[in-house]
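*Asks:* What follows is the residue order along each chain.
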Amino acid sequence: MLLSLRKVTKYFPVQRGLLGRPTAFVKAVDTVSLEVGAGQIVGIVGESGCGKSTLGRCAVGLLEPTSGEVWWDDLEIKGLTVHQKRVHQRKFQVVFQNPYASLNPRQKIKDILLEPLEVHNLLKPSQRLEFVKGLLTQLGLTEEDLTKFPHEFSGGQRQRIGLARAMTCQPELIVLDEPVSSLDVSVQASVLNLLSHLNQENGVAYLFISHDLQVVGYLSQRLLVMYLGSVVESGKTEEVLGHPRHPYTKVLLTASRGRGSLMEGEPPNPAQTPSGCPFHTRCAYAEDRCRWEKQQLLGGENFWEVACWKWDRL
Amino acid sequence: MTELLCVRNLKVSLKAPSTSREGWVLRGMNLTVLAGERVALVGESGCGKSVTALSILRLLPRPPMEISSGQIEFKGRDFGNLTPEQWREIRGREIGMVFQEPVSSLNPVMSVGEQIAETLRNHSELSAGEIRARTLSLLARVGLPGPTRLRSQYPHQLSGGMCQRVMIAMAVACGPSLLIADEPTTALDVTVQTQILDLLFRMTEEQRLAILLITHNLNIVRGHADRVVILYLGLVVEEGVPDEIFDHPQHPYTEGLLAALPEVSRKGRTLYNIPGVVPSPFEAITGCAFADRCPKVEKKCRQSMPPLIETRKGHQVRCFYPSGR
Ligand SMILES: Nc1ncnc2c1ncn2[C@@H]1O[C@H](COP(=O)(O)OP(=O)(O)OP(=O)(O)O)[C@@H](O)[C@H]1O
Ligand SMILES: Nc1ncnc2c1ncn2[C@@H]1O[C@H](COP(=O)(O)OP(=O)(O)OP(=O)(O)O)[C@@H](O)[C@H]1O
Ligand code: SF4
Ligand SMILES: [Mg+2]
Ligand SMILES: [Mg+2]
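Top line first, the protein sequences correspond to chains A and B.
Each residue of the first sequence is one higher than the one before, counting from 1 in our numbering.
Each residue of the second sequence is one higher than the one before, counting from 1001 in our numbering.
The shape of chain B in the complex, shown without the other chains (with noise of 0.2 Å):
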């Protein structure tokens, strides 16, 4: 298959505004995604995985963040040099993307038919009758009832769920081969977010549209991507298939957040969370991120920073001393 994102060693460096100290959202972060794959980025809340979303996307809030260095290629092209217009092309009709916040990033004064049927005549010769249609067809395929009467109301009428799910339709309105979606279905039920899971991955089978799927649940990793990269501090620091990772986790990062799943069978007793905090963008790190919280961390882990490697075909991991060696 064809390589269609290729992210190589991005660094995004963080200004305090107060202080002009200067710190590390993403510290080396490679990525690839295929043509028509389904991959999912997961990691602990504020590791990265939107700043890597927006920087691909160029919506790097500038400042205080920048790209400091590394290569964002995108079908061959360099993300690195764009003129205006390619980007308008690329942001609405070759790449959409879903927000983490989808309220916030709703327009509030403007209905929710209008927004979808103006992406739809920015980026394609549909007439208006066309566009009625075609955004009607959008809101009844995300599961939204009544596509008639929603298609008039406006984003503040409407609940979470059915937030996220209009800016789901306006991501795939114009046939994209990249989809971005940050948390698409955190606001779903699960019989929804089944719903609008079978219909993004029968378009990954049907128009070859590939994935980057930013997600912290589990389950629907296991279920649905074809392969998984754990994100921590701004690294990769374990990748591969999904079945393979949860069943042989070797990061003990990923075997924190695997023993972390709260279930109605743990009632009652505390929860394992993986002790301390993700540190901050401005620490100083020499050695590995992982190291002050690792229930394994050696001298070794403190001096140098391990490098990521494949211990099986296709898993790769960021650890001097991986489990299961």
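Chain A with its partners taken away, still in its complex shape (with noise of 0.2 Å):
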């Protein structure tokens, strides 16, 4: 397996005592396991705030999890060497959700892009300005970009600039986080035209988290939906959009058709989840056992999950 993810769990401190000891935590992340294939695209949706950047850069070994396990290539990340670590690194690249924050400003596009290159030793040194080239002109941007800083670009522009570092790594794997968010629907056709082309040509697999159900839908093979730091159903992309399993997931696909936010009550606050299903708070169908009992994920042909004792009774 290209990456695996068990049982991750990632906990802030987000309250100080008096002696500096961290009191009260969110929990961004709580127990999340998952597997990506080489060549495959797994998307991950879920409300603002409910852990999927931080489970992203826990798959790409950023953020070290609270607890389990994070394997690459079938080895686990704590047991590297730093120079493994360094070698599997670039493999595994991240598109960040912030593009500005994540690109060196004093530096020129065309040093941001050959620098991973020349680090890595790829290509013959003749045709690395080719590469770049090409890869900027299918991102729908130019040849004179490249003696620009980053502050130069337009919001949309830079987010295809970080997209642009990510591939010249020639990674096996690229989480993308909200890689087309701020982009128009004609870029983003062309960003998605090229995402795919990548995966089918070059086998590159992506984790691919995204608000956008209509962009995870159209990418992805396999779904994940979280909610306050839990993954409460996961399966075959097409089966969880159109058969959703999980009362989270109905709302959430209801509001994506424009139907309006049919959630009741606030979400939770992360540093007090509640007990028993982290949904019960706001679900239509709660009872009293949902209050108490911990949910686990069940499972089915085929692959799918859900985190609901009475999925098959709604």
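Derived by calculation from the structure, the hints in this document are not laboratory data.
List time: in silico DSS-like cross-link candidates among lysine-lysine, alpha-carbon distance up to 27 Å:
#, chain 1, residue 1, chain 2, residue 2
1, B, 1011, A, 148
2, A, 7, A, 78
3, B, 1015, A, 148
Using the hints, put the two chains back together into the complex; each one sits in its own frame.
*Replies:* This is how it looks when you write it as structure tokens:
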């Protein structure tokens, strides 16, 4: 397996007591397992603040999980030497949600893009510039842009530079964190086409984080739905979007069809997660049992899972 | 209804730092926003939407950009000659602004509560207790869970969508009469997005807040805007009521945009995208800016720039050969 997360949990301290010891935690990611095979596209959707970016950062080794394991190519990251980690890191890239903060403001685009090729000694030196130019053109940017600095671009142009940088590393997997969120539909279409081309031709796998169900649905084969740090449903994309099982997925789909937000109540405070099913405070079907029983992921054929005990009675 | 904001024939030039070549980011932009009106500004990445917003607030990066001609009026006042004091008043109080990249426009070393409180302190006479209460209620209104805890957190401790909502809370804190929101909901999932838009649109009704909404989400435009303005390379190419524009697009660019929408049902098929790229600001353009990418281009299109003409009531288009006529 290219990437596998096993029961990954990540807590952030949010309040400290007198001695500087944390007294309260945000459970950003709570016991999440997932696998991405070579050339596979797995989508992650879920409410703002439910832990998608945190999970993505754990997957590429930028954050160390509080507990649980992250495996790359059947090796556990924790067991890798510094050298091994560096070698593997190239294959696992991430495109951040906030492109501006992730680009060095004092480097020209040319250097930003050539650097990974030089550091990892990819391609012949004479081919590098051509490769970078080709990539820019495919992303709807131009050769002229090579001599500019990150601040000289519009928001959507910057987002594509972040993408280009991840692609120059010739990775095997890219965590794409809202990679097309600030692109207009036409540019978005060409970026999605390029992503799907890279996937089919070069077998690049993606962990695709987005809140746009149409976009994730278009690209991904498997889909994970997160709520408050936990996976509440997963399965084949068509199945999840076509026949959602979890009440939260149902709400998400209805809202995305423009029928208004049907969710009752406030989103829970992630520093004080509800007991039992994390969704019970807002679920239209909640009963007593939901309030105290922690929900397990129940599975079925075709590898689907749902964390709701009464999913088949809704 | 009264005119709140009026931008006339705005041109913004751009100097290339190394070669001192001059280009144009806005090439004669016209835009009006009435009191309480919701206007959506749509257009391809790099076409000048953010620059339009920044020039209204005189926040352009100068150099390399410069307003070279045109007029901006707000409540009948000319923005050309205001004192720094007047500007401070306008930016914080009269016009609220949500920037496109919220994480980088928040102050990283100040807690989010303190940032909102500062805005309130600078533009109102509220007491410390009132400011505290107001801050908490603003955070709650934009749907942020646990406002008391959040207040003392720093931007890096929040998710992308949470930062975006903090920006929105700050922008509406002092009850502005115009909100300029640059992609305010891009990092938000549909449920929160709907909640935020509902909040903003309630404010347009209750407080006669006008909104200039920059977005590429055509569903939002259709559901929420009174009028949509479509921009291409620093010029308005089509303008009108959303339903009319989406059901009967007349400009080839607008038609292309509508055809490019991704859908689960188009899975596996290559998505349509408008061929070619937006020309760079430095390219000299004589005729229609869209000519090189247009499927209907004729000789005339390359010779002179088509004017913006009204084809139906409330529907304007800048094309010699508009569709459906
Ligand atoms: N460094 C940090 N310190 C404290 N809390 C954090 C930190 N990073 C993230 N969090 C918290 O963890 C939770 C999950 O954040 P994350 O960024 O993973 O959400 P997300 O699903 O990516 O949301 P969005 O869609 O808005 O980007 C949030 O409640 C956030 O406030
Ligand atoms: N600081 C800058 N220096 C030089 N050029 C700039 C600068 N900021 C923007 N530009 C250029 O000005 C043009 C318009 O940019 P603007 O940010 O207004 O685009 P936009 O319509 O907001 O696009 P997006 O949807 O991608 O945010 C683009 O060609 C961009 O490259
Ligand atoms: S004016 Fe000509 S080139 Fe421009 S959009 Fe219309 S038909 Fe196309
Ligand atoms: Mg995120
Ligand atoms: Mg912009």
